[in-house]
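For the sequence shown, the UniProt record's numbering gives the first residue as 1, with consecutive numbering after it.
By construction, these hints were calculated from the structure, which means they are not laboratory data. This structure is a prediction, so every number in the text was calculated from the model and none was measured. Backbone N, C-alpha and C define an ideal beta-carbon position, used for all residues, glycine too. Any given hint might turn out to be false.
Below, a list of computed lysine-lysine pairs in the BS3-like style, where the Cα atoms sit at most 27 Å apart [as the list claims (entries may be wrong)]:
#1 Lys50 - Lys127
#2 Lys149 - Lys101
#3 Lys53 - Lys123
#4 Lys55 - Lys84
#5 Lys234 - Lys40
#6 Lys213 - Lys55
#7 Lys50 - Lys103
#8 Lys241 - Lys207
#9 Lys84 - Lys102
#10 Lys104 - Lys55
Here are the computed distance ranges between Cβ atoms for each label pair [unchecked claim]:
#11 Arg160 - Asp269: 46 to 52 Å
#12 Met115 - Lys234: 22 to 28 Å
#13 Met115 - Gln247: 35 to 41 Å
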Amino acid sequence: MNWPRKPKADKIVSKHGFESLSRKISHQASWKKSVYETYKDASIPLDWTKKLKNKCDEVGLEYFTSPYDFETVNMVDPFVSVYKIGSGDITWPAIIEHMTKKKKPIMIATGASSMEDVERAVKTIKKHHDKIVLMQCNTNYTANSENFKYINLNVLKTFRQKYPDIILGLSDHTHGHSTVLGAIAMGAVVFEKHFTDDNGRDGPDHKFAMNPKTWREMVDRANELYLALGNGVKIVEENEKDSVVVQRRAIRAKFDLKANSIITAGNLDFLRPIPENGLPPYRVPELIGKKINKDIKRGELILLSDLR
């Protein structure tokens, strides 16, 4: 395959456009080099694609990418089974449609976009298929702790209401994994976080990226949360059946009771434990006014079989 040699930066940013701005803004303000040079330095040669795909296959990872132009979409297509559309391209219907026509699942981030932008993009994809992962995203890469108040995880509820059959996800650029856990609780199942082997490296993303230790922690806590969420059906769980015995109260005799005594509220007590044959307090109405057919000592269970 003949890979083009044109830098990836030329496919994403306008050197003239950024140079014409009066200043670098947002997260780019802290970059030491120009925006164009930073993108150029971070570009991965396209001829790495096959090598990266083979390595991912070797270690059991899914290889995919966010192609930023039509030519690259076509060139990486043999190597990917899913496409990611970055937030910056959500207002470019042509590139969205070009990827969608490949008939592969689409993951789309929605940072710095309105609901109108989201609806337009989803409509474009749905013209060809419904294999969509819709990701809430806040596009700010400054690593500022103030960014948490802008993550707006509740947008996931809006997405679920609007698109009940779409897979939900989160594309996140904050420190730690609290946003991931919150998104899981709201039904998200796909997560994008930046990753580095060293947060001290120079570069635009290393400061807020996950490292091997924090990534492991995120995955472990996420797996715990998935287990904890359950299926939504309220039952006595298998691991708490013994707790029912030792913590629930049973109907017991408050005093020694003689055979033929009439049960009243005054001669009943409600004490732990409750064995399998015990009666819980809510069954008191079934006992009131009944005669007992045997002597019952103080603290003993009163059972339906003791009544007549």
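We went through each hint and held it up to the structure:
no.	hint	result
1	Lys50 - Lys127	30 Å, violated
2	Lys149 - Lys101	37 Å, violated
3	Lys53 - Lys123	31 Å, violated
4	Lys55 - Lys84	20 Å, holds
5	Lys234 - Lys40	55 Å, violated
6	Lys213 - Lys55	22 Å, holds
7	Lys50 - Lys103	21 Å, holds
8	Lys241 - Lys207	48 Å, violated
9	Lys84 - Lys102	13 Å, holds
10	Lys104 - Lys55	21 Å, holds
11	Arg160 - Asp269: 46 to 52 Å	49 Å, holds
12	Met115 - Lys234: 22 to 28 Å	34 Å, violated
13	Met115 - Gln247: 35 to 41 Å	48 Å, violated
Hints 1, 2, 3, 5, 8, 12 and 13, counting from the list given before, are not met by this structure.
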